[in-house]
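Participant: Using the sequences provided together with the hints, build the complete structure.
If you want the building blocks of each chain, they are given just below.
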Amino acid sequence: MSFERHDEDVHANVAAYVLGALPEEEHAAFVEHLASCVACREEVCSLGVVAAALPALAPPQPAPGELKRRVMDTVDREAREQEAARTGRQRPVPARRAGDGLGWRPAFAGLAVAAVIAVFAVVLFTSGGGGGTKVFRAQVSAPRAFASVTVSGGHAQLTVAGMPQSPPNHVYELWIKRAGEPEPTDALFTVSRTGAATVGVPGSVQGVKELLVTAEPLGGSPHPTRTPIIIAPLG
Amino acid sequence: MLNPLRSSGGGGSAAPLRVLADEELMQLVYRGNAAAFEVIYDRHADAAFSLAYRMCRQRSLAEDVVQEAFLSLWRSGARYDRSRGSVRTWALGIVHNRAIDALRRRAVRDRGVVTEEGIEERVPAREHTELEFARRDEAREIRDALERLPEEQSKVIELAYFGGLTHVEIASMLDTPVGTIKGRMRLGLAKMRTALGDTAEVTP
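Protein chains in written order, with the working numbering: chain H, -5 to 229; chain P, 12 to 215.
Bear in mind the hints are in silico, worked out from the structure with no lab data behind them.
Fair warning: there could be bad hints in the mix.
Which residues of chain P face chain H? A partial, calculated answer using Cβ under 7 Å [unchecked claim]:
1) L28
2) F81
3) Y172
4) M196
Per label pair, the in silico range of CB-to-CB distance [what the hints assert, rightly or not]:
5) H:P56 with P:D148: 28 to 36 Å
6) H:D3 with P:S183: 14 to 22 Å
7) P:S183 with H:R71: 41 to 49 Å
8) H:P158 with P:E163: 17 to 25 Å
9) H:T81 with P:V189: 54 to 62 Å
Quick reminder that beta carbons are idealized off the backbone N, C-alpha and C, glycines included.
Facilitator: Below is the structure:
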């Protein structure tokens, strides 16, 4: 698939996309298409305004009090667990494999030699001259998953499709890597039913060599505890 | 890089937090502040339940949808990007996606053939919505924009958004080519966008 060719069939899916009416496979393909199509992204923003207004058509129905109690019971419990983890009473245990010994580093090394992953970055397209937009295709260690990073004006956005759901009580955490160890970011995310997500990379990516994504316990981790599921070299 | 997730979160009373804007509250939710989340819940749960019930037409299913959606919001608060719209829009988007999942799971489980009659049951007639929304300017505006569309366009938008149907299912139900359905959706939404003008929330 060419990321420079404007595919009219895919483009015609904009309205169905914002209404949530694309079948799963088409949804994933459209998310991939969005990474490279400025016109579609602009139309999604424009028509998305209408979709965002449609809930006002729903007849008012007060949410049951019992529902709030159920939600807040879970939230309060998880908040306590997160707080306990932060203060060290229940420090999250890194998910080390037997013999790893050093936490995430051997896991990264294992990933590097994994035959299932092509270890190269592909600049999908560049536009707009020196200060333009670059899209990098990332390596994803999940079958049929796709991830790309769009860099523009020193800022980046990660787009994923076809990703597996994060494990129970885990979220995906985005890391940036300059020199040395990965640095945590505030970007914790889950993916939609089709495995899609769009995540803004906090701050500037100037000097950043790679973006990484790992599954981490709720609330995130200060250091990666699992093998990255996404590695996106930026350059 | 500073990471507020590593800052102290904690719970505490929600009362002092009620003066804060949603976006400020989300900064606290990132840090695991349950009281801040409770304020977000209180502000948007009714709209969320209304949307879920409109789509699911069944209280127990709607409750499950809203519970899943708000727990997802709590667990992935850092995914919220204020440059892409309000917290309310984001939260209702999660509810919409969860409701679609629930409707499609139910359709598979029931192995039912989707009929136009069945959908009409899930999407109330306009006389009902007109009566129920008479006091709501926002609803009236979006409803007016929808009603100004040719019926063939408004119908596909309602079936897609509230019925949780894919364009393929709608095409099959209406015995119309998929390309035509896509075109009606796109033309209808574009007209509504023009009708809503500057009053709608603009997502850059």
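Participant: Next step is simple, just say for each hint if it's right about the structure.
Facilitator: We went through each hint and held it up to the structure:
{"no.": "1", "hint": "L28", "verdict": "violated, 14 Å"}
{"no.": "2", "hint": "F81", "verdict": "holds, 5 Å"}
{"no.": "3", "hint": "Y172", "verdict": "holds, 5 Å"}
{"no.": "4", "hint": "M196", "verdict": "holds, 4 Å"}
{"no.": "5", "hint": "H:P56 with P:D148: 28 to 36 Å", "verdict": "violated, 20 Å"}
{"no.": "6", "hint": "H:D3 with P:S183: 14 to 22 Å", "verdict": "holds, 19 Å"}
{"no.": "7", "hint": "P:S183 with H:R71: 41 to 49 Å", "verdict": "holds, 45 Å"}
{"no.": "8", "hint": "H:P158 with P:E163: 17 to 25 Å", "verdict": "violated, 39 Å"}
{"no.": "9", "hint": "H:T81 with P:V189: 54 to 62 Å", "verdict": "holds, 55 Å"}
Hint violations for this structure: numbers 1, 5, 8, all remaining hints satisfied.
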